[in-house]
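A.B. asks: Go ahead and model the full structure; you've got the sequences and the hints to work with.
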Amino acid sequence: MSFITSYCRISKDKCSVNGKNILLINSDSELEWIKQLYKSLQIDYPKFYKMDVLSKLAFIGTELIKKNSDFNFYTDDDVALVFANRHSSGDTDLKFNNSYQQELMPSPALFVYTLPNILIGEIAIRNKWHGENLFTVAREFDATFFQNYCNILLSKNSQACVCGWIDAMEDNLEAFLFFVEVSDTSKLNLPFTSKIVANLYKA
Amino acid sequence: MKIFIGAENAITPLGNSVEENFQSLCDGVSGIRLYKNAGFNKEDVYLSKTSFDTEHLFQTLLENCLEGLKSRIDTSIIKSPKTILILSTTKADVQNHLVDAIEISTAKLKEQLELFQPPIVVCNACTSGLQAINLAADFITAGLYEHAIVVGCDVISDFILYGFQSLFAISNEPCKPFSEHRKGLTLGEACAVVVLSKSEAVYQQTPMQYIAGSSSNDANHISGPSRTGEGLYRSVVKTLAAAQMNSNDIDFISAHGTATVYNDEMESIAFDRLAMNNIPLNSFKGYFGHTLGAAGVLETVICMQSLRKNLLIKSMGYTEPGTSKALDLLIENKHTDVNTILKTASGFGGANASLIISKR
Chain A
1 MSFITSYCRI SKDKCSVNGK NILLINSDSE LEWIKQLYKS LQIDYPKFYK
51 MDVLSKLAFI GTELIKKNSD FNFYTDDDVA LVFANRHSSG DTDLKFNNSY
101 QQELMPSPAL FVYTLPNILI GEIAIRNKWH GENLFTVARE FDATFFQNYC
151 NILLSKNSQA CVCGWIDAME DNLEAFLFFV EVSDTSKLNL PFTSKIVANL
201 YKA
Chain B
1 MKIFIGAENA ITPLGNSVEE NFQSLCDGVS GIRLYKNAGF NKEDVYLSKT
51 SFDTEHLFQT LLENCLEGLK SRIDTSIIKS PKTILILSTT KADVQNHLVD
101 AIEISTAKLK EQLELFQPPI VVCNACTSGL QAINLAADFI TAGLYEHAIV
151 VGCDVISDFI LYGFQSLFAI SNEPCKPFSE HRKGLTLGEA CAVVVLSKSE
201 AVYQQTPMQY IAGSSSNDAN HISGPSRTGE GLYRSVVKTL AAAQMNSNDI
251 DFISAHGTAT VYNDEMESIA FDRLAMNNIP LNSFKGYFGH TLGAAGVLET
301 VICMQSLRKN LLIKSMGYTE PGTSKALDLL IENKHTDVNT ILKTASGFGG
351 ANASLIISKR
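Here the protein sequences line up with chains A and B, keeping their order.
Here the working numbering is used: position 151 in the first sequence is 151, and no number is missing along the way.
Here the working numbering is used: position 37 in the second sequence is 37, and no number is missing along the way.
Think of the hints as simulated: they come from the structure by calculation, not from any bench.
Watch out, some of these pointers could steer you wrong.
Result set (BS3-like, lysine-lysine): computed pairs, CA atoms no more than 30 Å apart in a straight line [as the list claims (entries may be wrong)]: (1) Lys-108/B with Lys-202/A; (2) Lys-202/A with Lys-110/B; (3) Lys-95/A with Lys-42/B; (4) Lys-2/B with Lys-156/A; (5) Lys-95/A with Lys-12/A; (6) Lys-95/A with Lys-49/B; (7) Lys-79/B with Lys-198/B.
C.D. replies: Okay, structure coming up:
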């Protein structure tokens, strides 16, 4: 048995952790929404500004999960990163395509983000996590896949999984992250089943 | 439980079946040619390109490769609810469908093959192929499926070529993995397929055994390899442990070997840390170029042919040692008992993966 010990949702205008809103978009702010979120974390990580939107969402989501869970139990091999989305790196693909078709200057800074698993790399770098990694692309969020694959990882070398569905395409963005541990270190009482994961995603 | 792996097939510039491909490799033929004015600034570029005359190359390669699979397995498993198809790709048909390439391709595959469930797509940079095979084995071990068809495919597009050119990663001569004077990678395109199953009976030809696999992240840089080979080292350690093997059990290493200066150096450091300096090793990139999301499947497929034929293939393009740690590069084809192979891959996002396959 394993448990969801924290989870986080980011949409176009709000961000919640464990089901409670923690930030709403301030439409009067000069900062775009994703930078408002970053400021609210009160951390200094200049690399954030170089990231594409997928990596920014994954970074913020993971930082919020970390604030609400205890990672001190784990070695640098223990935490698996399992992510998925619908549009792969489509948002950055459009921008990179534009860099050579319109601006006639293929941008290396954009090209390196034209793979969705770069967001896993960004989280791994930030946290010095060397564990298992997987990025898959699917038409829709598949709670059963996450349940099946995380249980496999937990039965092998991994002790915990940071999971997420992180999608972005032009103005649309969506992030849902959840942390799976073998013991229920939280007071959430959320057994890790596909039904519960699907409900948290829909909520 | 034993996990079988077999029914391998591949379509590349070197052949339309795995047998044709392996024969080309035995004969020392490379698929890399010079293409005039192909680059972003109309430079001539070395590429390993197929010769299909179609605008829909990605789908054509997939269809032909999977058609070629049908004579290698009990075809009733394709539509079975107990079968999952896993596609490994980085960009699918990005040339024709900038945004929804993967979704369009998987929908077509499901319809054409009458698959029971939608394919799973692994999109994890250049380790995708190995991770797709590892995922297939994990699913079967866990009892979620009985069979898995793993297909890797990527094609050369302006998008990918201009991107790698912008990173100054493309060699101005055919790539020379692990060589002193290597100048970067050569892009390639290919489609390769392999079937994993808990049942030996689904194969027309004797299958081999999938032993173990794993992934690990460098946690170092999104587009540059680790200086210590950290992720690759950790992945191979995990894979060996899961296989209950040590480096003496490995007869051959099919390395990633992209022929960029830093990648090949990183691999030499990792294999040195693993005390694997004396295991015969090659890179297949000198024959096929770097086929990205197809590479892990394609190179595993060729390793399986080496296992079947007891023949190791020389590392094309290798001339003199070019890494700080010594490796046992294959400079000639070698007839020898090959029982167990280690396949590794590394990619952007700090990704590293490895797997072990044995004859039984």
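A.B. asks: Can you name, in rising order, the numbers of the hints this structure does not satisfy?
C.D. replies: none
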